[in-house]
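K.L.:
My request is simple: use the sequences and hints to build the entire structure.
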Amino acid sequence: MTTPPVYDPATVEAVAQERWARERTNEPDLDRAARPFYNLMMFPYPSAEGLHVGNMFAFTGADIFGRFKRLQGYDVFEPIGFDAFGIHSENYALNVGEHPARLIPRNIATFRRQLRRFGGMFDWRHELSTTDPRYYRWTQWIFLQLFKAGRAVRKQAAVNWCPACKTVLANEQVIDGYCERHPDVKVEQRFLEQWFFSITHYAERLLANLEGLDWSASTVAMQRNWIGKSEGAELIFETPVGRPITVFTTRPDTVFGATYLVLAPEHPLVDALTTPDRLDAIRAYQREVAAKDVVTRKVAASEKRKSGVFLGTYARNPATGAAIPIWAADYVLMEYGTGAIMGVPAHDARDFDFATQFALPIVRVVGRAEEPLPFEAVDGTLVNSGAFDGLSCLDGGRRIVAWLGERRLATPRVQYRLHDWCISRQRYWGPPIPIIYCPDCGPVGVPEQDLPVELPLIEDFRPDDTGVSPLARHREWYFVPCPRCGAPGRRETDVSDTFLDSSWYFLRYPSTDSDDRAWDVARTKRWLPVTSYIGGNEHAVLHLLYARFITMVLCELGHVDFEEPFPRLRAHGLIVKDGAKMSKSRGNVVIPDTYIQKWGADTFRMYLMFLGSFQEGGDFRDEGITGIRRFLEKVWLLAHEAAGAPAQPLSAAIERKLHQTIRKVTADTEQLDYNTAIAAMMEYVNLVREESRGNRPAVEPLLVMLAPYAPHLAEALWTRLGHGASIFTARWPVHDERLAAGDEVEIAVQVNGRLRGRLAIPRGLGEAEVRELALADPTVRKFVDGHAIRKTIYVPDRVLNLVV
RNA sequence: GCGACCGUGGCGGAAUUGGUAGACGCGCAGGACUUAGGAUCCUGUGGGGUAACCCGUGGGGGUUCGAGUCCCUCCGGUCGCACCA
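Residues in the first sequence are numbered from 65 upward in steps of one, following the numbering used here.
Keep in mind the hints are simulated off the structure, nothing from the lab.
Take every hint as true, because none was put in to throw you off.
Within a straight-line C-alpha distance of at most 25 Å, the following computed DMTMM-like cross-link-like pairs (lysine to aspartate or glutamate) qualify:
(1) K698 - E687
(2) K212 - D625
(3) K662 - E697
Simulated DEER-style distance windows between Cβ atoms:
(4) D686 - R822: 35 to 41 Å
(5) A272 - R463: 26 to 32 Å
(6) C505 - E295: 37 to 43 Å
(7) P332 - D453: 35 to 41 Å
(8) A285 - S715: 46 to 52 Å
Every residue, glycine too, gets a C-beta built ideally from N, C-alpha and C.
P.N.:
Here is the structure:
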């Protein structure tokens with residue numbers, strides 16, 4: 065036998081990739097595919113640093129799944145694109161003093177090179193970038209559909225304003241109340257008119273639909289949490305000024321214990337309810353709260369320190385009729401509920417702190433006197449609650465709401481934590497919101513045939529202190545006639561949130577080749593909803609919720625015929641280095657390029673999948689990578705040996721192990737348990753090397769199983785074994801359960817639950833025979849002799865336990 | 001504070017979901033081949049013990065013939081949300 069050539073990954077991988085490109089291996093027929101499988105991964109933001117290991121880890125895991133499905137006979141569509149608009153790119157551009165329109169294409173080129181190099185099964189015909197006018201034309205179109213349907217509305221909202229940057233900041237740019245780029249400049253609040261999408265209108269359906277989704281449990285939990293449904297009631301407290309205060313509470317059962325009311329400092333009734341002598345104090349408090357940054361507010365919350373001011377007036381407790389004082393305090397938030405609460409210090413820790421601090425009365429209405437306050441449990445019994453004494457909290461609450469409801473003082477109410485989605489960004493690097501303001505008609509949508517509203521290429525894209533986007537300075541762009549009446553109008557200068565770009569990209573992929581509509585109807589029907597979506601839990605809430613919402617609205621408006629875009633979603637874990645999250649500041653960032661250069665893409669892909677569980681993440685340590693390389697070298701050798709030798713029948717041992725391996729690798733790959741699938745292939749290779757070298761039937765199925773993991777190597781060895789067609793036209797092997805099971809098993813023999821021996825027996829042997837064999841074992845005898853066997857537990861083919 | 005997850009050899013991690021703990025890999029030790037080995041190939045590798053055996057999955061308790069797995073409790077860690085009424 066001749067010595068096999070040295071395994072040189074660089075060559076092997078270049079040859080395979082060139083072949084796939086030439087033969088269009090990764091380009092399914094989108095119009096005729098019989099078994100469409102849409103394999104989606106979360107598209108990257110093309111940062112200047114290039115693709116990092118986290119991306120590589122995620123994409124490899126998703127790519128393995130796609131290739132696996134391909135080998136199982138599906139027509140797999142695996143697209144990729146770039147989420148290239150947004151604040152990250154813009155800030156980076158500002159920092160390095162270069163225009164994002166020049167920077168981004170360079171970054172994308174780098175990403176494209178890296179993505180090709182690692183061997184993703186991408187259909188490059190359908191690459192997209194959110195910054196491409198051919199794409200964001202349709203992002204704007206989607207905005208218009210929501211606008212027409214009344215789901216995009218303008219409201220006043222607070223924004224983070226950095227006096228040094230002279231611009232609005234995203235929440236993630238505010239670090240503990242200070243500007244990310246100016247660590248000693250405090251961020252201020254300003255109020256601006258903004259565009260909102262009415263996502264809260266869909267809160268209930270977004271929550272209810274979670275039930276029917278095949279998603280990672282952790283992701284579902286985070287979405288549920290974020291939507292934050294609370295059931296309770298609105299209660300009405302009469303005031304001396306005629307206008308009542310409405311509060312939201314989840315505990316209407318405790319209304320007899322409400323000894324005061326608190327309004328958020330910005331509550332519209334504060335002025336009317338403040339007595340003249342307290343007006344100055346209130347004004348000062350409101351100013352103080354407005355100036356308070358996030359950090360001191362958080363500290364106050366964690367230290368249970370409360371602040372507040374008495375307004376000087378009293379409201380009537382609807383249950384007791386008592387006059388109770390009205391306060392303003394910043395522990396009540398205007399954005400949630402009605403911006404007003406009833407204070408029940410005996411049964412709410414925050415109210416308890418407040419009442420203690422300001423010496424307000426505390427009245428117990430739930431539970432027994434010996435239980436310490438505050439007593440927050442709902443499984444108690446009402447006391448001090450008039451006719452409702454003795455009822456359970458739940459029942460009592462319902463009855464109290466009904467009783468107050470007769471006087472129109474209470475209504476059941478469901479409240480969500482979810483807020484409407486503010487999509488306005490007073491920024492440059494995004495798709496302009498397609499609205500024209502007309503002095504007569506108000507905000508008018510740009511006619512669809514005029515889309516896209518192109519983002520003008522202006523050199524000075526820096527924000528200034530006017531509070532409006534830099535686009536307003538581009539006068540020939542800014543001033544346009546009203547599309548409806550022709551009066552002189554001006555364009556909306558805000559751009560939309562990047563999350564809008566990414567909320568529909570999966571709808572665009574199959575149709576990137578059509579410019580006359582956002583997506584082709586027939587292709588969408590064939591390929592969507594997405595068959596498998598894999599991505600990180602950092603997008604568990606915002607991206608996934610927004611994408612679900614947009615799809616839901618589009619479905620309602622008849623543009624798609626499904627409500628949920630991602631019926632199956634798997635979250636992958638985080639990859640850490642030396643037990644810590646990778647970050648530039650820690651200096652522990654792993655650059656994939658150097659590893660791929662040194663070890664090859666196949667080794668690197670497999671190492672990433674082997675270092676831990678894909679769905680839980682793992683620790684990146686370079687030492688382990690040699691193990692994978694050795695494994696691939698062994699496969700390389702086995703295949704070359706087999707290529708030069710005549711095929712022989714499989715030995716019984718190899719055959720059984722082969723079928724066990726097929727069973728395990730198939731099941732594990734399906735479950736994304738890639739680390740154990742790889743371990744199973746290693747075991748198999750170890751056995752073949754010992755017992756069956758140079759045998760093609762032992763090697764060929766292995767290569768197919770390996771192909772999703774190490775596609776280039778598998779392709780090269782498949783060719784070496786004489787196959788003309790790509791290994792990705794081969795079929796995934798199917799195991800024979802009978803062969804995998806074999807006819808001999810080893811069982812454990814226990815005495816009193818402790819292992820005392822092992823027996824190799826024929827599969828399916830009866831209890832009596834096994835017991836007899838076990839009692840022939842001297843070690844077992846030693847522990848049994850002299851005792852009566854009181855009980856025997858026999859689990860066929862697994863364990864025999866003798867209890868003495 | 002609330003929610004979710006986790007704790008297994010020197011290290012990364014397995015364990016058919018209540019049935020032989022430590023698969024697979026790294027590392028380490030001994031040996032072979034070598035001018036050499038950081039290449040490759042054998043052998044060994046949870047701890048203790050000459051051995052029979054004993055101990056062992058963060059600590060303690062429980063259920064069970066049998067617990068890494070289930071229950072209670074405590075300790076430690078990671079992530080998400082957080083003055084959400």
